[in-house]
Amino acid sequence: MIDVIVGHADDLTRGLVRSALEDDGCHVRDAASASALLAACEEDAPDVVVVDIALCAREHTPVLARLKQDPVLFPVAVVLLAPAAAPREVLRDLDRGAQDIILTPIRNMDVVARVRAAARTKALQEEFLKRGRAMEDLVYGDPLTGLHNRRFILTQLSALVGSARRHERDLLILLLDVDGFKSVNDELGHAAGDAALVEIAARLKRRLRREDYVGRLGGDEILIVLPDTPARAAPRVCEDLREVVGQKPMVLEGLSRTITVSGGWAAWSGEDTDVLLKRADDALYRAKDAGRNRICGAAFAAPPAPVTT
Amino acid sequence: MEGVAQPRFYFDLGSPRAWLAAERVVEDLGEVPEFVPVAMPEGGFRCDAEIDAYFEDIAREAERLGVLALRRPPVFPTDTGFAMLAATYARQIGKVVAFSLGAFRQAYNGGRDLSEQDTVLLAGAAAEIHPAALIKGAGLRSTAERLRVATEEARAAGVTAVPAVVRP
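Chains as they are written, first to last, in our numbering: chain A, 1 to 309; chain D, 310 to 477.
It is possible that some hints are incorrect.
Said to hold, decoys possible - Stretch-level coverage of chain A by chain D, calculated; a stretch enters the list once three of its residues show a Cβ under 8 Å from a Cβ in chain D:
1) 205–218
2) 223–231
3) 235–243
4) 258–270
These are calculated hints, taken from the structure and not from any lab test. Just so it is clear, CB atoms sit at the ideal spot from N, CA and C, and this is done for glycine as well.
Working from the sequences, and respecting the hints, build out all of it.
Here's what the structure looks like:
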């Protein structure tokens, strides 16, 4: 059922539009003023607004602009009721986001046909946006683990480094590598290796905040980005994430097996993204060399060399 | 799925004690808690002298914890209604930690009044939230509903005052 709000100052015209749409099976609300119309939209966003162009143009409550600039209401299709004698205003409002126009005096068939078309276009726009989001998931997601992929996590890390620099905010990264991943693949098969990665991802995600990012860089290497997390908190926070992965065995191909990770963390201290990553990577190597299933922290970045002339 | 969910850190921006806790909660817990804004402002002060004594205590605690020195906001207690809705919106878009730390610091390091919209927008800017989006997001009925639900959930979990940390 199409949900419509009719906005017109004239009771008679409003009633005519309303009854034409109700006869077609639409759910119709109406409003006699611009502010009442906007309030009704805020209350419950309709599929279509049918509004008098004069009501729409009132400068103190510019209905069309308000709807099209609203992050929630912008998808609402707006159909204008306008006299044939106002072509300039109609063209202006069509440019500003109105979907269609019904010339007054109205004919019931016109109202029904244009509202149906507007609702259909809105549904197609929503489908288009949905497909766009699905496409983003494909482009930025790791299909195996459901984590972000390398492209996304590195782009996000660069953005967060920029933000940390602009606002002097803390930023911590943790690079994890699955211990003995090759032996899991060799002994239990690649399906078991995949299942281990899926389980590790799930355990990590459950332990992180909404603002944290976790992505698979490739193979068994995972990058976690924790904004607003100070360096002094890093050892315990990273240790906690290591424990979360390894504290309970996983069932892989019917066999219970404890999978552990090694990790290297680095707190941002003014350097560029690649230097920050390199520091975390060096720390990860130290963790591996020190016997695995442990976390090492990066040394602080060297201050930039003084400029000499 | 194996593993334990992270703890929840409940706070109200009108609480200087919650500010102190927010500055140290990750370090002290050794985990990254989910920041959850709830409407539980501090109150019950009987006179100005009591508020002065309270802030002296907060200043000492700030010094002990090594966080940036307290600068008292001009009005206390103050109306943090809009600020809390903004924090709830920030939580929804995954920026609640940056926003709430920004707002706490505006109030208790910058000495600004969180009942003023500009103060809240400054905190939003520090979290890279566009002012128009923050105003709109805070004004949504769904945001108010989220704040109400979060507050009720906190109460159901036994939280009667903030700051509080609860493990679900």
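Hint check results:
Residues of the region 205–218 of chain A lying with their CB closer than 8 Å to a CB of chain D number 7, which satisfies the three-residue condition for coverage. Figure legend: the region 223–231 of chain A, annotated as covered by chain D; annotation consistent (5 residues with Cβ-Cβ distances under 8 Å, at least 3 required). Figure legend: the region 235–243 of chain A, annotated as covered by chain D; annotation consistent (4 residues with Cβ-Cβ distances under 8 Å, at least 3 required). Figure legend: the region 258–270 of chain A, annotated as covered by chain D; annotation inconsistent (0 residues with Cβ-Cβ distances under 8 Å, at least 3 required).
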